[in-house]
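Undergrad: Now for the letters of each chain:
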Amino acid sequence: MNRTTRVKGTARAKRTASVKGTAGGRRARRLDPLSLTGLGCLLLLVLVALGSLVHAGGDPDAIVGPRLQPPGPGWWLGTDNLGRSMLPRVMEGVGTTLLLSSAAVLVTAALSAGFGILAGYRGGYLNELVMRVVELLYSFPAIVLAILVAAVAGPGQLAAVASIVLVTIPLMIRLVRAAAVAVAERDYVTAAAISGAGLPRILGRHILPNVAGTIAVQGTYALSVGISVEGGLSFLGFGVQPPQASLGVLIRQGGTYMMAAPWLIIGPGVVLVLAILSINVLGDGLRDRFEPRETRALI
Amino acid sequence: MILDLTDVTVSFTTGPPLRRTRLDAMRGVSLSVAEGETLGLVGESGSGKTTTSRVALGLQRPTSGTVRFDGRPFPRRRKDLAGRMQAVLQHPHWSLNPRMRIGQSVAEPLAVLGKDAGSLVPEALEQVGLEPGFADRYPHELSGGQRQRVSIARALITRPSFIVFDEAVSALDVSVQVQILNLLKDLQAEYGFAALFISHDLGAVRYVADRIAVMRGGEVVETADAVTFYSAPEHPYSRQLLESL
Ligand SMILES: Nc1ncnc2c1ncn2[C@@H]1O[C@H](COP(=O)(O)OP(=O)(O)O)[C@@H](O)[C@H]1O
Ligand SMILES: [Mg+2]
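Taken in sequence, the protein lines are chains P and Y.
The opening position of the first sequence corresponds to residue 1 in the working numbering, with each subsequent residue numbered one higher.
The opening position of the second sequence corresponds to residue 1 in the working numbering, with each subsequent residue numbered one higher.
No wet-lab data here; the hints were simulated from the structure.
A quick note: this is a predicted structure, and the numbers were derived from the prediction, not measured.
Simulated restraints, written as ranges between beta carbons of each label pair:
1. P/Gly-204 / Y/Gly-118: 21 to 29 Å
2. P/His-55 / Y/Lys-79: 57 to 65 Å
3. P/Ala-110 / Y/His-235: 54 to 62 Å
4. P/Leu-236 / Y/Thr-63: 51 to 59 Å
5. P/Arg-122 / Y/Arg-19: 23 to 31 Å
6. P/Tyr-138 / Y/Leu-18: 22 to 30 Å
7. Y/Pro-17 / P/Asp-32: 39 to 47 Å
8. Y/Arg-19 / P/Met-258: 58 to 66 Å
For every residue, glycine included, the Cβ atom is placed at its ideal position computed from N, Cα and C.
Let's have the full structure, built from the sequences with the hints guiding it.
TA: Next comes the structure, spelled out in structure tokens:
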């Protein structure tokens, strides 16, 4: 930490410490190999999803052969009950699932940053209100919450996004708030307040940048929760609606033919597990890299 | 007087509901600091020194008693005092925002005032014995002593008439402490700010203080001229503190 030059001798005030001889640059700790692998997998899935936009794996709606064929030339992941190739359908599904989950996580992150930081720094009534809402959301099991949302908003993509937001936001707000409370007590925040800095400067310049690591790490975990919520909701028929493919929709459709054509569920299932695993591994790496230990101790 | 505390009491209620206890962090404290003067505030940990400094800085409202800064009560809007009082606080590790370059940290009090830092940052760094090149660094690249120098530069940049030093050297090695204390004396001779210098270490306070106030359990038990205090302390508790020096 303190790789620095000292003022030599008895150091009269006006003697200057040398800048030379001090290794510069920011902390350059890399992600560990495991989380790099996770990042690689995730990027690969994004690439796959982008590929589906140009029908890189074929047309997801075209009927290419007989029904319920096992994997083989022309349909590398088999065909479904209508004779459509599973490969482009899984690719489209990855895209839908990733897109909905990331959109939801962005909303969660933005709301958590706003309310978590304000509640953590200001305390008082706003803090009480935010924490009560968070507790209320916490008290619902994730899938019950998701079904309630679908019942109110109607099944579809909006229900999926709103469910992911409501499921992921309680933990994120709590952790961002805890991190903001810890940062708010630091001397640089007090010093800024003494200098006369207003709320926007204190929150924007001092607290937000120092809880951004927590937001990034929790956002990563929230993404994997989001993927499983989308999977679950669409599996139950309350999320994405066919003919649009999502991983949840494909697993639901595959479930019907599980005995006759297990490849229908294996393809999207493996991809779902891979996506969740690689994101969690990446989250662990980001946590070790970004999140200061003392904010983690509060969790 | 730049700062006047008259009969200030600060009470905190702590503990779970139904079993709340009241604690007086300050009880009937009267203190004053004249322009250009350094008042040393000593006392063991938990005696109420930091609470006193927070009251002096207007961060903590007294439960009772009055506070006057520059002859007036604290204005309702903090901004009206911007730049006129500053502080150098305890933990070198947390005194600077790790996400801001040193130069930005030092310039911040000016930015709050809407002023352009211009050449003031390199000058301020030079005043505290750091090369201007430090402006581009991040806090983790600096030693504890260097960080406290940066805190001092940040405090000085608006030329405040009053600065609080709350355990500002306590976390540093003794040799570094001496450097910083010398720096403080030089800067005070040059800029004439008044200071409230808080420490549990009577040796450090002796270096810089013109007058000494001793706190114990939230009360000021003795206030005296530094020379008088160190040669002939009046209160038995002061004698006890000095004996352990
Ligand atoms: N915000 C607070 N809430 C409750 N108790 C506090 C608070 N701030 C300080 N205290 C209590 O007031 C007393 C004096 O604290 P402090 O002023 O920090 O002393 P010192 O700086 O001399 O160590 C301590 O017992 C401390 O626990
Ligand atoms: Mg203290």
